[in-house]
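Given chain D, put chains P and X in place with the hints provided.
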Amino acid sequence: MPKNTVIPAFTEPRHKISIRRLSTLALLGFLSLLVPSLGLADELNLPVGVTAISRDVYDLHMFILWACVGIGVIVFGAMAISMVAHRRSRGYQARQFHDNLTLEIVWTIIPFIVLVALAAPSTAVLLRMYDTGGEDLTVEVRGYQWKWQYKYLDDDRNETVSFFSSLATPQDEIGNLAAKGQYYLLEVDKPLVIPTERKVRFLVTAEDVIHSWWVPDFGIKRDAVPGILNDMWTIVDEPGVYRGQCTELCGKDHGFMPIVVNAVPPDEFESWYDEQAELAEARRAALSKTFSEEELMAEGERVYNAFCVSCHLPNGGGIPPIYPSLIDSPYVTGPRDDHVRLVINGVTGTSMQAFGKQLDAAQLAAVVHYERHAWGNNAGDVTQPRDVIALTE
Amino acid sequence: MSAIIHEHDDHHDEHHHGPAAGITRWLFTTNHKDIGTLYLWLSFLMFMVGGVMALLVRTELFQPGLQFMTPDFFNQMTTNHGLIMIFGAIMPAFVGLANWQVPLMIGAPDMALPRLNNLSFWILPFAFAMMISTLFMEEGGPNFGWTFYAPLSTTYAPDTITFFVFAVHMMGASSIMGAINIIVTILNMRAPGMTLMRMPLFIWTWLITAYLLLAVMPVLAGAVTMVLFDVHFGTSFFNAGGGGDPVMFQHIFWFFGHPEVYILILPAFGIISQIIPTFARKPLFGYTSMVYAVASIAFLSFIVWAHHMFTVGMPIAGQLFFMYTTMLIAVPTGVKVFNWVATMWRGSMTFETPMLFAIAFVVLFTIGGFSGLMLAITPADFQYHDTYFVVAHFHYVLVPGALFGIIAGVYYWLPKWCGHMYDETLGKLHFWLSFIGVNVTFFPQHFSGLAGMPRRIPDYALQFADFNMLSSIGSYLFGFSQLIFLFLIVKAIRGGVAAGERAWDGAHGLEWTLPSPPPYHSFTHPPRLSEGEAHS
Amino acid sequence: MSAHGKTILKLVVLVVGMFGFAFALVPIYDLICEVTGLGGRTDGKAEISTGDLPVDTSRLVTVRFVTNTNEGMPWEFYSDKQSMRVHPGETKQADFIIKNMSDRGINGQAIPSLVPILATDYFHKTECFCFTQQYLDAGASMRMPLLFTVDPDLPEHVQSVTLSYAYFEVPAVTS
Chain D
1 MPKNTVIPAF TEPRHKISIR RLSTLALLGF LSLLVPSLGL ADELNLPVGV
51 TAISRDVYDL HMFILWACVG IGVIVFGAMA ISMVAHRRSR GYQARQFHDN
101 LTLEIVWTII PFIVLVALAA PSTAVLLRMY DTGGEDLTVE VRGYQWKWQY
151 KYLDDDRNET VSFFSSLATP QDEIGNLAAK GQYYLLEVDK PLVIPTERKV
201 RFLVTAEDVI HSWWVPDFGI KRDAVPGILN DMWTIVDEPG VYRGQCTELC
251 GKDHGFMPIV VNAVPPDEFE SWYDEQAELA EARRAALSKT FSEEELMAEG
301 ERVYNAFCVS CHLPNGGGIP PIYPSLIDSP YVTGPRDDHV RLVINGVTGT
351 SMQAFGKQLD AAQLAAVVHY ERHAWGNNAG DVTQPRDVIA LTE
Chain P
1 MSAIIHEHDD HHDEHHHGPA AGITRWLFTT NHKDIGTLYL WLSFLMFMVG
51 GVMALLVRTE LFQPGLQFMT PDFFNQMTTN HGLIMIFGAI MPAFVGLANW
101 QVPLMIGAPD MALPRLNNLS FWILPFAFAM MISTLFMEEG GPNFGWTFYA
151 PLSTTYAPDT ITFFVFAVHM MGASSIMGAI NIIVTILNMR APGMTLMRMP
201 LFIWTWLITA YLLLAVMPVL AGAVTMVLFD VHFGTSFFNA GGGGDPVMFQ
251 HIFWFFGHPE VYILILPAFG IISQIIPTFA RKPLFGYTSM VYAVASIAFL
301 SFIVWAHHMF TVGMPIAGQL FFMYTTMLIA VPTGVKVFNW VATMWRGSMT
351 FETPMLFAIA FVVLFTIGGF SGLMLAITPA DFQYHDTYFV VAHFHYVLVP
401 GALFGIIAGV YYWLPKWCGH MYDETLGKLH FWLSFIGVNV TFFPQHFSGL
451 AGMPRRIPDY ALQFADFNML SSIGSYLFGF SQLIFLFLIV KAIRGGVAAG
501 ERAWDGAHGL EWTLPSPPPY HSFTHPPRLS EGEAHS
Chain X
1 MSAHGKTILK LVVLVVGMFG FAFALVPIYD LICEVTGLGG RTDGKAEIST
51 GDLPVDTSRL VTVRFVTNTN EGMPWEFYSD KQSMRVHPGE TKQADFIIKN
101 MSDRGINGQA IPSLVPILAT DYFHKTECFC FTQQYLDAGA SMRMPLLFTV
151 DPDLPEHVQS VTLSYAYFEV PAVTS
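Chains as they are written, first to last, in our numbering: chain D, 1 to 393; chain P, 1 to 536; chain X, 1 to 175.
Source of the hints: derived by calculation from the structure; they are not laboratory data.
What the simulated footprint calls covered on chain X by chain D, stretch by stretch (three residues with Cβ under 8 Å from a Cβ of chain D suffice, anywhere in the stretch; the number is not a length): (1) 70-78; (2) 110-116; (3) 153-160; (4) 164-171.
Note that the coordinates shown come from a computational prediction; the quantities given were computed from them, not determined experimentally. Glycine is no exception: its CB is placed at the ideal position from the N, C-alpha and C atoms.
Okay, chain D solo, but in the shape it has when bound (with noise of 0.2 Å):
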């Protein structure tokens, strides 16, 4: 066997002052970081919300995070210590042992029994949230490439109120070109009103792919899964706006599909349910209306704003190829019932959603008209509800 040659460890002193100081400053530096985290302890952390479940989950999350930092004291201590006092520089001689049965044991049992008593607190929470039932109201939630649907399934009322609620950020502010507002990326053009001190029952699926529905404050997040129900529950205590993201890589628009959620007292929601319901009562009269050029383009930019402006962009030349450009598209320019059809029904095989049952036909004969006579395009023709409907029925 060849005899052994040792290196000795790294010994020149000219290197070892620098080297200790940089890892002195480099270490304050990392301790540094934590300091400006405690004054913001509260913007850091969970929020607690405003329903008995973020509450108790906020607890949770307390409990699981000191249990951490108990154990994280005692493993990094005894490291630190070891480290400062059992080093070779210190003519620190090592001791040869390599077992103890008994601490082995110790250290398995311990730690188990922590875990028992993370476990049943996190099991009595799970049991509540699991109590679904007795609900006073139910809205499904569906998600959309890229927006939210909201509908409020009613017994006393045959109407059922249903709308869609997407991103109402510019895409100004987006692109850098305007400031950003307050409530960037979290902002809708209709967000979810729900009574407080009211058990609400969520009903969630989608209509494409997987989304997650998440409000930070209820404490509530779950996966909208094409064909699955999945169902959850808030009481939220407080009116106020609630705001939070879709959590489930749903393609392009992921990061902007907001949940908005308004709660307000029961009374309150009360009249503006009766107030939708009107809407929807006028939206249906809109249908039979002759609208203006000028109320066609109005409307039209609405709706294109809120449902095509994330593929075709604001200024209808789009990203091709996969969302093509509006401006001259022989589609646009074409004949316009073949281009309403389109909207209608989409492009199998494409990004091109069916819109038919997104929008109703006053609004599909808005963004056709608007698409047909903005960014320059001129078709020269008016689309009128009637016109729609005459082709879907």
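Using the frame of chain D, we list chains P and X on its own:
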């Protein structure tokens, strides 16, 4: 046994004169060291490619608003960053380390199946070339996340999904062949006297990892095959309309995916278990419990998968089962951490670069373990799930975990491989910059996650801006620091202070009984395992 | 066979077995879903004779219907009633209407899902349009019955169940 040794003597005689000259040395090599070197360089290249993607992601996230890329390209970057780092950087690096070290550490002349070894390496460059080339195609590359959840990866996928499926098949085939080779070598080619319970911990962890690979890579292959069939042949494995179920995809994927995360960490456990005793100049504490801990982690990894899916809508019994089993993993993991600390305790420690990375591993991996425990708690997971808290968690276990383990291993064995000591000053500089960089990058992500920032978004609300900027700055620091590592390795290969056989005075194990660099054929005669070299 | 060969053979068997296992997960998953009600699946026809169930007139359970069409499918789909109050054990009928709003013939399949998940085992369907596919010519419509029974063993605290049907467009089965 004697027959096998004879076989290898023949093999040795054929190539007595060392490596072939020129490029053919690398193309046709069946030598475990050459193949190990190829794996490690490929891994470093992929680490750079995946790293550039990460820096592009962090650059887009430097400020709110869309600055540099479309959301779709952003998704392609996050997806490919994940795939390349997992399958291209971490896994090949471990296979490279195994190729170099397994024969050296068990006293074998080479790997058991040298030609298979060559094949399993050379598949990889083609697999990654195919996957990366999709980024330059009109439709773009994979953009559905590395977890490729259906139906985003089926009905709604870009057409390039087919290339992705075949690339994953090739990576899987390579991993399976590599794992078979490692198992056969470890089981059949150990030096006389090296019983299973006298094997170095690195060999143990790799043996268990190889079995995990064989058990789950075929499941991944099955999953991508089903995706391929759904896309091209009209089947409905994951399409609800045809009687399939998109949730089933997640079950199959995570049945592969959870053991996979242990594939990414167990060999690092082994490396750390070699390094800490060397620099503490003390035997590893609790060798037997270390082996059993690794085995129990591997076993548990098969019954915890649905903790990735707590929000998908499971019956309460399922939620509780997966919460409890997941929490159980903390017990064997805790045993390992306690054993490492006990190994350091009352040692005679010095802090050369491998030891610094090993200590950082123990601390930061433990922090990743803590956040893992928090994520195991189902009700709390409803809040953490798919936020940056998860991103922080898995980067803590994968970057200062798996990656620091690999880097520590490279520093530890580099003198053995090239015969020169590396530049210790540069090594320490590399360590401190990486250590700071990794924490500045990933620690703030815990906070942005708790504050409500979802993962995989190209743009974010204003309250997350500070943390994201900090995180981006940290990522540049970490990323560019790795160029020091590259420079240091090249420098050490080209020259430096000669490393003796036992490059580290506290090191034990058969690899340290060979010259540095070791001869082209490692152990031409099976060494006798002395008491002093047994499981260091 | 050499020692290497034997080891390799065992490992290859393991690999092939696990590849097969991935596909075996499909029926295993279906089985688990049926046993646990995972995914709220209620695909199967009632295996018990629902006519023999005792009727529990002491309680009423609300059955709510949720109807959707997926992926932009141009059908109108709704239930006659949004919800019904039923005694456990009695067999009730609910009607569903589909209408093809497009100008082409479309084949559809309704996918059921039920919440709360634990009620899945207690909801029996004797006749359901979801057992088969439906074909509608352009502009055609159809009224379809659902015959169902809520099991009297349904746990007391479950006062309402919600049954969802999601229509998907599927390629026509050529027989």
